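So the first sequence is residues 0 to 165, counted in numbering that gives the first Met the number 0.
Simulated from the structure, these hints should not be mistaken for lab results. Computed from a predicted model, the values in this text were never measured in an experiment. Backbone N, C-alpha and C fix where the C-beta goes; we use that ideal spot for every residue, glycine too. Wrong hints could be hidden among the right ones.
Claimed, not checked - With a Cα cut of at most 25 angstroms, we get these calculated PhoX-like pairs of lysine-lysine:
(1) 34 x 140
(2) 88 x 111
(3) 140 x 60
Unchecked claim - Simulated restraints, written as ranges between beta carbons of each label pair:
(4) 76 x 8: 31 to 37 angstroms
(5) 76 x 12: 29 to 35 angstroms
(6) 3 x 60: 15 to 21 angstroms
(7) 45 x 148: 15 to 21 angstroms
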Amino acid sequence: MIRPDFFERDSVIVAKDLLGNFLVRKTQGETLRYKIIETEAYGDSKDLASHARHGQTARTKIMWDHPGTIYVYFTYGMHYMLNIVTGKKGIAGAVLIRGIEGCVGPGRLTKKLFIDKKLNGRLLGKKSGLWIEKGDDKRFKILTTPRIGIDYSGEWAKKLHRFVLQ
DNA sequence: GCGTCGATCTAC
DNA sequence: TAGATCGACGCG
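Take the sequences, apply the hints, and build the full model.
Encoded structure:
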C-alpha cells in the first residue's frame, strides 16, 4: 500500500507517478482492483483551472488538507469526481483520477467503484475502503496532454498536466 | 435570495 | 449537439 508521504509532493509529480499503480476499492466484502491509466494535476490558487483558484470555500478547503486525503465532489448534476490531495498540509493541490483500466471517463469510474460524497475528506487506507497499491511494471510510456474541460482557464488551459499511460 | 455554469456522459 | 440535473459560487 502506498503511504501518505507519496502524496506530499507537487501534484504534477504525483499525477505522473500514480500511473501504473492500482486503485483498490473495498465495499461490502468485495474488493475491486484496477490499474490507474489516466490522471490530471491541479495546483494551488494561481492555477486558474483548479478548484483552489478562488481560495478556500466550504467545498474546496479539502485541497489544503493532509496529503493522501480523498477529495470527492459532485458536478454536472450527476457525476462524482475522485481526487487525491497532494502537497504539504496548508498548500492546495490534488490529482484527479480520470481513468482506470477498462473504464473511460472520471464520472463512470466513480460509479463503477461506488465512490460518492461519503468518502470526501477521508484518508486513503483500509479504514475508508479506498487505497492505492504499488504497480509492478514500471516500463511504460507516458503521454502528456492539456487537461480536459478547463478551456476557461486561459494560459493554464495549455499546461501539459494530463498524463495517460500508453 | 437568485442566476449561472461546471475537472461529464449519453443519446439523438 | 443538446439535454440531464444540482449544488457551489458570486453577485447584489
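We went through each hint and held it up to the structure:
no.: 1; hint: 34 x 140; in the structure: holds (15 angstroms)
no.: 2; hint: 88 x 111; in the structure: violated (30 angstroms)
no.: 3; hint: 140 x 60; in the structure: violated (34 angstroms)
no.: 4; hint: 76 x 8: 31 to 37 angstroms; in the structure: holds (34 angstroms)
no.: 5; hint: 76 x 12: 29 to 35 angstroms; in the structure: holds (33 angstroms)
no.: 6; hint: 3 x 60: 15 to 21 angstroms; in the structure: holds (18 angstroms)
no.: 7; hint: 45 x 148: 15 to 21 angstroms; in the structure: holds (19 angstroms)
Checked against the numbered hints above, the structure violates hints 2, 3; every other hint is satisfied.
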